[in-house]
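Protein chains: 2
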Amino acid sequence: MFINAIPDASAMEKKEKTLGITVKKENLAEWYPEIVVKAEMADYSPVKGCMIVRPNAYAIWQKIQDYFNPVIKKHGVKNAYFPLFVPESFFHKEAKHAEGFSPEVAWVGNKDEGEERLAVRPTSETIIADSFAKWVRSWRDLPLKINQWANVVRWETNQTRLFLRTREFLWQEGHCVYENEADCEKDVLLILDEYAKLAEDLLAIPSIKGVKTDKEKFAGAKRTYTFESLMPDGRALQMGTSHNLGQGFMEAFGVKFLGKDEKEHVPWYNSWGITTRLIGAAIMTHGDDKGMVMPPRVAPLQAVIVPILFEDSKQKVLDTVRNIKHDLEAHHYDVHLDDREEYSPGWKFNEWELKGVPLRIELGPKDLEKHQCVIVRRDTGKKQFINLANLKDAIKTSLEEMHNDMLAKARKFLESNLAEARTMDDLAARIKQKKMVLVPFCGEAGCEDYIKERTEGAVSRCIPFGKKAEKGAKCVQCGKDATAMAYFAKAY
Amino acid sequence: MFINAIPDASAMEKKEKTLGITVKKENLAEWYPEIVVKAEMADYSPVKGCMIVRPNAYAIWQKIQDYFNPVIKKHGVKNAYFPLFVPESFFHKEAKHAEGFSPEVAWVGNKDEGEERLAVRPTSETIIADSFAKWVRSWRDLPLKINQWANVVRWETNQTRLFLRTREFLWQEGHCVYENEADCEKDVLLILDEYAKLAEDLLAIPSIKGVKTDKEKFAGAKRTYTFESLMPDGRALQMGTSHNLGQGFMEAFGVKFLGKDEKEHVPWYNSWGITTRLIGAAIMTHGDDKGMVMPPRVAPLQAVIVPILFEDSKQKVLDTVRNIKHDLEAHHYDVHLDDREEYSPGWKFNEWELKGVPLRIELGPKDLEKHQCVIVRRDTGKKQFINLANLKDAIKTSLEEMHNDMLAKARKFLESNLAEARTMDDLAARIKQKKMVLVPFCGEAGCEDYIKERTEGAVSRCIPFGKKAEKGAKCVQCGKDATAMAYFAKAY
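Protein chains in written order, with the working numbering: chain A, 1 to 492; chain B, 1 to 492.
Simulated from the structure, these hints should not be mistaken for laboratory data. All figures in this text were calculated on a predicted structure; none of them were measured in a lab. Treat the hints with care, since some could be wrong.
Since the list gives no way to pick one copy over another, a pair counts as held whenever it fits inside one copy or between any two copies.
[Unchecked claim] Here are the computed lysine-lysine pairs in the PhoX-like style, where the Cα-Cα straight-line distance is at most 25 Å:
| id | residue 1 | residue 2 |
| --- | --- | --- |
| 1 | 348 | 260 |
| 2 | 474 | 74 |
| 3 | 96 | 434 |
| 4 | 63 | 74 |
| 5 | 290 | 24 |
| 6 | 409 | 217 |
| 7 | 134 | 383 |
| 8 | 48 | 93 |
| 9 | 63 | 145 |
| 10 | 73 | 63 |
| 11 | 348 | 382 |
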């Protein structure tokens with residue numbers, strides 16, 4: 001008998017039922033919000049459309065920061081912080097930018113008499129370009145590479161979803177200016193590569209890199225590059241973007257520099273961002289019917305220890321697991337010891353599976369006799385008996401294997417759900433099959449609109465790198481010459 | 001001759017003049033804004049009263065985060081993120097809080113038809129208490145310790161100063177709830193200790209810890225603890241605060257838990273914060289007539305290398321300094337090599353002194369012959385010839401010594417500017433002498449008001465720990481029995 005006599009077993013069972021996930025993942029639209037809340041990743045805010053990022057998810061964001069800060073530092077980018085408020089007039093300086101963002105802006109009435117309204121930043125190109133006009137004088141000041149980690153607000157009128165589309169979210173936004181187009185474009189692509197690498201290396205999420213069509217590019221950009229992942233319901237998710245902004249913002253804000261040729265030039269500008277949406281991508285990609293599955297490299301806890309406690313051996317078992325915890329922590333693992341006596345081991349297993357802790361370490365009196373423990377992988381449920389002397393190495397290996405297996409599984413899913421089509425009927429059929437579909441495309445916005453209507457929602461995701469339209473290929477919609485191969489899918 | 005023939009020497013000299021600080025530090029009110037901007041710590045924003053935190057200062061904030069995150073993690077505090085927007089009705093739930101913050105709140109008109117206005121958070125007690133009401137059910141959920149790094153907005157009508165008082169600033173705010181008062185109070189004091197330690201260990205700023213008078217405590221708090229430093233002009237600076245909020249917010253938001261006694265209880269709540277104001281404190285405490293002096297442990301660069309270049313030895317010198325840079329970077333120092341040829345070494349010395357880089361490494365052809373370099377400390381100007389084989393050790397030692405010397409110097413300043421007074425005349429005289437003055441005090445707000453008037457601005461800073469009023473001591477103002485000894489000073 002477990003020592004913990006549960007005072008009110010029926011109440012406990014009831015709680016256990018509501019604690020766990022009640023929906024299967026195949027029903028993603030209901031499963032997703034339930035897992036986000038029950039795995040304590042996020043909670044709804046009293047302000048509609050905003051979210052509370054709970055510690056279990058914020059830890060992922062912090063690890064993304066810890067990973068990405070040295071990456072951009074290596075490329076000469078320095079962190080800074082620009083004001084939350086942007087004067088209304090700034091938006092009107094770059095016409096397309098204003099048009100793109102105005103509907104989503106939340107405004108603060110300026111309390112200073114006679115002053116203009118202030119936007120709560122939806123993005124910071126305008127206020128940063130204004131500073132660049134003060135800071136950039138000569139070619140010696142270039143390149144100037146700035147990044148900020150910040151909150152942004154976009155007053156979405158579409159349905160909001162925790163992490164995926166909220167009225168406030170967290171992001172990093174890089175803003176860099178250069179002497180010439182080549183240097184600017186080089187960094188735009190370099191950052192896109194770093195992003196896709198981050199998604200794979202940290203979150204175990206593969207993606208497809210490419211360029212957005214004109215219709216889908218950032219408001220004010222010359223070109224927008226994107227990396228796109230595919231969620232289990234066949235909808236694509238834009239994971240982040242890197243924009244070549246050309247010279248438009250610089251001209252609008254009067255940013256000029258004296259070149260080596262002693263003439264005046266306008267610098268080239270790029271900006272790039274990833275957001276807390278990546279956490280939503282990780283939840284959807286890896287979660288299962290039992291709850292969250294944390295990618296090991298961003299998991300707030302790498303392991304949870306659940307001792308199997310009987311009255312006569314309790315003290316010995318607890319002493320051992322405390323030593324294990326202490327030892328693993330000394331090796332920089334974050335480990336939780338769940339030594340609560342009022343819950344059964346089975347209850348605890350469910351709770352930690354729900355929260356997605358990568359490894360569970362079980363240890364009972366029989367294990368103790370054999371100087372072993374059991375480690376159980378969250379993603380596969382695979383159990384291994386490990387001699388305590390080898391535990392540290394086994395933990396390390398298991399976490400690495402788990403990361404690699406999760407990435408491989410996600411890559412297999414992505415690759416097996418890519419398709420190609422040459423006709424409109426075929427495209428529509430493939431979209432119905434929840435595929436991301438590569439088609440010859442003419443580049444016209446009108447064709448995108450028609451495709452969206454005809455497929456009940458598929459939109460262009462990107463023109464992927466390295467896939468050119470064959471000679472003579474015709475746009476899947478209008479039949480004119482295709483200028484590119486483009487992926488279409490329904491999207492978040 | 002230096003190889004760099006300066007094309008337009010007079011223009012260069014003019015630039016050099018305007019680049020450097022034009023005001024002596026003894027004129028602190030003019031010196032401070034000039035150094036903040038010229039050392040590229042911050043810049044003015046197009047929105048009045050807001051600031052742009054430039055990389056040279058943001059690096060300090062990042063190092064504060066990197067230091068403090070493990071500290072609070074050790075105490076069981078987890079990072080999270082709560083919404084920027086707080087519904088107006090939340091403020092009215094705790095009467096004193098509403099009264100204290102309402103004048104400073106910036107409001108966003110909610111775009112959703114018929115919804116209430118939203119405050120841009122001036123602080124997050126109300127929106128976090130609302131979540132605690134959802135998350136806290138039983139004693140098992142306690143203590144619950146949350147922290148967030150965030151921006152906050154307080155629409156100051158007083159004069160704003162970069163870092164010290166701006167309408168938007170960055171901070172961390174801890175919010176923790178407990179089963180009982182003792183646990184709550186214990187952490188309030190523990191965090192205050194950690195804060196004062198951070199200020200000394202990272203920023204080399206000593207402070208005085210104590211409790212605020214009732215008049216000066218946080219709106220809605222039971223008790224506010226503070227740590228106060230003294231600036232060179234004799235004005236005190238509140239460095240951060242830790243509040244025991246009692247049970248008021250918890251009652252207002254209906255936070256309750258089922259205790260071990262199976263009865264319902266109201267938890268105890270504390271909150272605590274430090275802000276980007278600490279960067280302003282570091283600038284004022286350590287800067288000098290030449291510019292900023294970066295505390296070594298938060299400096300974005302620990303050293304700058306200025307090679308002395310002559311045509312015939314240029315390549316050898318550059319090869320050597322590049323190796324030095326590479327070697328120091330491999331040992332995790334951030335080092336900049338200033339190999340610009342269009343500026344003279346003297347110009348570069350001025351520029352890096354202005355920016356406050358702790359150590360300058362000079363190396364010319366004669367040094368190269370002797371296999372040595374010169375290192376120069378920013379705070380003292382002291383030069384040392386160092387054999388290149390010993391450079392790493394010398395850098396390490398110099399940075400440590402510099403930190404210790406800066407802290408000792410600041411402590412000496414603080415201690416030699418503390419005074420005591422027993423009469424109103426003496427207090428006023430001491431305040432005129434720019435002292436922070438300890439006086440017997442009755443605790444009445446009315447006496448504080450009178451003291452402020454009589455001393456042309458001195459306000460109570462804190463009732464310091466460990467200094468009780470002597471038996472029979474009388475309030476310096478009203479002559480009634482003193483309940484405490486309190487520090488008064490003019491303040492930022």
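Hints, verified against the model:
1. 348 with 260: between (67 Å within a copy, 21 Å between copies)
2. 474 with 74: neither (44 Å within a copy, 62 Å between copies)
3. 96 with 434: Cα proximity of residue 96 and residue 434: none, with 33 Å in one copy and 56 Å across.
4. 63 with 74: Classified as both; 17 Å inside a copy, 17 Å across copies.
5. 290 with 24: Close inside one copy (8 Å), not across copies (66 Å); limit 25 Å.
6. 409 with 217: Close neither inside one copy (30 Å) nor across copies (56 Å); limit 25 Å.
7. 134 with 383: Cα proximity of residue 134 and residue 383: none, with 61 Å in one copy and 36 Å across.
8. 48 with 93: Between copies only: 20 Å across, 31 Å inside.
9. 63 with 145: both (22 Å within a copy, 20 Å between copies)
10. 73 with 63: Both. Shortest intra-copy (16 Å) and inter-copy (14 Å) distances satisfy the 25 Å Cα cut-off.
11. 348 with 382: For residue 348 and residue 382, only the intra-copy Cα distance (17 Å) is at most 25 Å; the inter-copy one is 62 Å.
Hint compliance for this structure: hints 2, 3, 6 and 7 are broken, all remaining hints hold.
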